[in-house]
Amino acid sequence: MINVRSVIDEVRIQVEDEAYWRALEKILGTITARTVRGTFRVKIRDETLRERDRVARGLTEMFAYQARTVEDLARKEATVKAPRPRDEAMQDPGVHEHWIDFSEPEEEAGRILQFVERGLARGAKIVGLLPSESVADFRRKVARAGHAKDLDEGRFAIFAADEHVDVLKTAGVLAVVLLAMQGFIQAARGQGYQEVWFISKIAPMLLSSSTSMADLLVRFESELDAFIRAFPISVYCPFPEQFPGDPEIVSELLQGHTWASVADVALPLGPSQR
Amino acid sequence: MIYRWMEDQLVPAGTSTPFSGLPAWKSLVQEPPRGAHILQIYEDPEREVEAASLFVREGLRKGERVCCVGNPRELEEIRRRLNRDGVDVARFVEAKALVQVERLDLNGGPTPPEETSPEALDRFLHEVFREVPDRYPGVRWWGNRIAQYFESGFFDRCMAFEELCHERRNTLRWSLLCAYDARKLDSEAHAAAFWDLLRTHSHLIPAGDLGVALELFPRGARG
Numbered sequence: 001m002i003n004v005r006s007v008i009d010e011v012r013i014q015v016e017d018e019a020y021w022r023a024l025e026k027i028l029g030t031i032t033a034r035t036v037r038g039t040f041r042v043k044i045r046d047e048t049l050r051e052r053d054r055v056a057r058g059l060t061e062m063f064a065y066q067a068r069t070v071e072d073l074a075r076k077e078a079t080v081k082a083p084r085p086r087d088e089a090m091q092d093p094g095v096h097e098h099w100i101d102f103s104e105p106e107e108e109a110g111r112i113l114q115f116v117e118r119g120l121a122r123g124a125k126i127v128g129l130l131p132s133e134s135v136a137d138f139r140r141k142v143a144r145a146g147h148a149k150d151l152d153e154g155r156f157a158i159f160a161a162d163e164h165v166d167v168l169k170t171a172g173v174l175a176v177v178l179l180a181m182q183g184f185i186q187a188a189r190g191q192g193y194q195e196v197w198f199i200s201k202i203a204p205m206l207l208s209s210s211t212s213m214a215d216l217l218v219r220f221e222s223e224l225d226a227f228i229r230a231f232p233i234s235v236y237c238p239f240p241e242q243f244p245g246d247p248e249i250v251s252e253l254l255q256g257h258t259w260a261s262v263a264d265v266a267l268p269l270g271p272s273q274r
Numbered sequence: 275m276i277y278r279w280m281e282d283q284l285v286p287a288g289t290s291t292p293f294s295g296l297p298a299w300k301s302l303v304q305e306p307p308r309g310a311h312i313l314q315i316y317e318d319p320e321r322e323v324e325a326a327s328l329f330v331r332e333g334l335r336k337g338e339r340v341c342c343v344g345n346p347r348e349l350e351e352i353r354r355r356l357n358r359d360g361v362d363v364a365r366f367v368e369a370k371a372l373v374q375v376e377r378l379d380l381n382g383g384p385t386p387p388e389e390t391s392p393e394a395l396d397r398f399l400h401e402v403f404r405e406v407p408d409r410y411p412g413v414r415w416w417g418n419r420i421a422q423y424f425e426s427g428f429f430d431r432c433m434a435f436e437e438l439c440h441e442r443r444n445t446l447r448w449s450l451l452c453a454y455d456a457r458k459l460d461s462e463a464h465a466a467a468f469w470d471l472l473r474t475h476s477h478l479i480p481a482g483d484l485g486v487a488l489e490l491f492p493r494g495a496r497g
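Note that the protein sequences, when read in sequence, are chains A and B.
In terms of my numbering, the first sequence is numbered consecutively and its last residue is 274.
In terms of my numbering, the second sequence is numbered consecutively and its last residue is 497.
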C-alpha cells in the first residue's frame, strides 16, 4: 500500500506550471514567451531556481509593478486548473470525461451516486461494471438512494464485469473489454440515449487480483482514454484510497484521466475540453 | 482523512482583477507619450500593419510629420489602409508630412557599420526634423528594417541603431514604433540579445491575445 499524496502533489505542480506558461503565452504570444524564457535562462544564472521562479524574477525586473498583474493573470489562469471542491466539480462533467476517484470503501457508493445523478440529469444512460460480489449490494444502495425507478426502467444498468476482467487477465486482450463497452453504447443508442456514462471498476479489479497486473492496468486505462475521446461517453473509475501499487503506477494512471479526486477535493488533469 | 492537504490549495474566487490599469496597445499607438520608443513583437503580420497604420494615421491627424522606414510590402499595405480610412496619402506625401523610405541611405548607402553611426543618423534626423516644431508639433517614426539585422544575428548593428534612438528619446520631439517579427526569433540564438533589445525600448507591445502594452524597465534597466 502506498500513500498517493506525494504523487498527486507532483502532478499538481506540473499542472499549475503548465497553466502558468499558458498565461505567459496569452500575454506575450507563444514565440515571444519562449524567447523570454530563454533570455531569463541566460540572464539569471541561478541553478537553484525553478524555471517558473526564474521567469517570475525576470518579469519583475523587466516590468516592475506590472509584473504583479502579469502574475495575477498567471495565477488566475492557474486556478482554472487548480483543485476545486469535489462536490462543486462534480456539477461540471460532461461528455468525454475520465474521472478517477480515490475513496474509503464505506464512502464509495455515495460518491459514485453523485456521478450517476449528474449523468441522469443530462439524460445519459448509466452503465455500471462492477465485481459480481458487489452488484446486489450496490443495487440496494442505489434503490435506497431513490433510483429504483431508474434501475427498473433501464436508465441505470449494473453488470458484473468478472468475465471481462478474466479475459484481460488471461489473454491481455484489451479490445474485448472495449468492444463490450461499444456494445453497450450501440444498445443505448438504440434505446434513444445520446450519451452513456460508465462506472468502471475493471481497473481496480485487475489491480486487486495481483499487483503484477499494474502494466496491464495502465495500458487498459490508456486505451480507455482514447476510447472516451472517440465516443459520446464519460467514465468514472472508483479506486481504493489505500492504493495497492507503486507511486509510478499512480502517476501514470493520473495522466490518463481528466479529473482526480480524493476526500473533498477534485483536481483537473489533462485537457479540460476535448 | 489523508488528503486534507489538497484543501489548502483551493484559491478563493475573485481575489484579483488581472490587467486593470494596463493600457491596450491601441491606446498607446494612438497617443504615444513624447519620447516613447515602442517595441512591437508580432506573430501575426496583420497585427504589424494594423499597429503601423493606426500609428501613422493618428500622427497625420495630429499634424505630426510621419516617417516610415520599412519593406515595400508593408509600406504599400500601410498606404492602402490609410486610403481606405479616407486619408489623402498623396497629399501628405507631396507635402512631405508623410515620408516613406524603403531603406536608410545613410552615408550614401548601407555600408556597415557607418550606416548607424551617430553622425549619419544625426544627418538623417536633421532632415526629418526640419520644420519641427514650427510646422509640425513632432515626429512619428515607424520602422521594421532594423529588425532584419536582429533576425540575422547582426545584434551589434541593430543595437547601435536602437541605442542611438533611445538616447535621443528625451531630447527630440518624437515617438518611435519598431516592429519585430517574433516568428523569426530563436529561443536560443536570440535569447541574450533579446534582453538588450528590450532594454533599449520604453514600451512593449507583445503578440499575446490580451492586446495590452507594457512599460519596460520602469525602474530603469540593468546591464
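No lab work stands behind these hints: they were computed from the structure.
Bear in mind the structure is a predicted one, so any value in this text is a computation, not a measurement.
Hints may contain errors.
To be verified - Quick list of in silico lysine to aspartate or glutamate cross-link-like pairs, EDC-like style, CA-CA up to 16 Å:
| # | chain 1 | residue 1 | chain 2 | residue 2 |
| --- | --- | --- | --- | --- |
| 1 | A | 43 | B | 317 |
| 2 | A | 26 | B | 324 |
| 3 | A | 141 | A | 87 |
| 4 | B | 336 | B | 318 |
| 5 | B | 336 | B | 401 |
| 6 | A | 43 | B | 470 |
| 7 | A | 76 | A | 17 |
| 8 | A | 76 | A | 107 |
| 9 | A | 141 | A | 163 |
| 10 | A | 26 | B | 393 |
| 11 | B | 458 | B | 317 |
| 12 | A | 26 | A | 9 |
| 13 | A | 76 | A | 18 |
| 14 | A | 26 | A | 72 |
| 15 | A | 26 | B | 318 |
Consistency of the hints with the structure:
1. For the proposed pair residue 43 of chain A and residue 317 of chain B, the alpha carbon gap of about 24 Å is over 16 Å, so the pair is violated.
2. Using a Cα cut-off of 16 Å, the hinted pair residue 26 of chain A and residue 324 of chain B is violated, with the two alpha carbons roughly 19 Å apart.
3. Between residue 141 of chain A and residue 87 of chain A the alpha-carbon distance is near 20 Å, which puts this suggested pair outside the 16 Å criterion.
4. The hinted pair formed by residue 336 of chain B and residue 318 of chain B fails the criterion: a straight-line CA distance of about 28 Å is larger than 16 Å.
5. The hinted pair formed by residue 336 of chain B and residue 401 of chain B fails the criterion: a straight-line CA distance of about 20 Å is larger than 16 Å.
6. Between residue 43 of chain A and residue 470 of chain B the CA atoms are separated by roughly 11 Å; this keeps the pair inside 16 Å, and the hint holds.
7. At most 16 Å may separate the alpha-carbon atoms for a hinted pair to count; residue 76 of chain A and residue 17 of chain A meet this at roughly 12 Å.
8. Proposed proximity of residue 76 of chain A and residue 107 of chain A is contradicted: the alpha carbons are some 33 Å apart, above 16 Å.
9. Of the supplied pair hints, the one linking residue 141 of chain A and residue 163 of chain A is violated, its CA atoms being roughly 23 Å apart against a limit of 16 Å.
10. Distance hint between residue 26 of chain A and residue 393 of chain B is unfulfilled; the C-alpha atoms sit about 41 Å from each other, more than 16 Å.
11. Taking the CA atoms of residue 458 of chain B and residue 317 of chain B, the gap is about 9 Å. The hint holds against a cut of 16 Å.
12. Between the alpha carbons of residue 26 of chain A and residue 9 of chain A the distance comes to roughly 26 Å, so the proposed pair goes past 16 Å and is violated.
13. For the given pair, residue 76 of chain A sits about 13 Å from residue 18 of chain A by alpha-carbon distance, which is consistent with the 16 Å threshold.
14. Taken as a hint, the residue 26 of chain A and residue 72 of chain A pair is honoured in the structure, with Cα atoms around 13 Å apart against an allowance of 16 Å.
15. For the suggested pair residue 26 of chain A and residue 318 of chain B, the alpha carbons sit about 14 Å apart, so the restraint of at most 16 Å is met.
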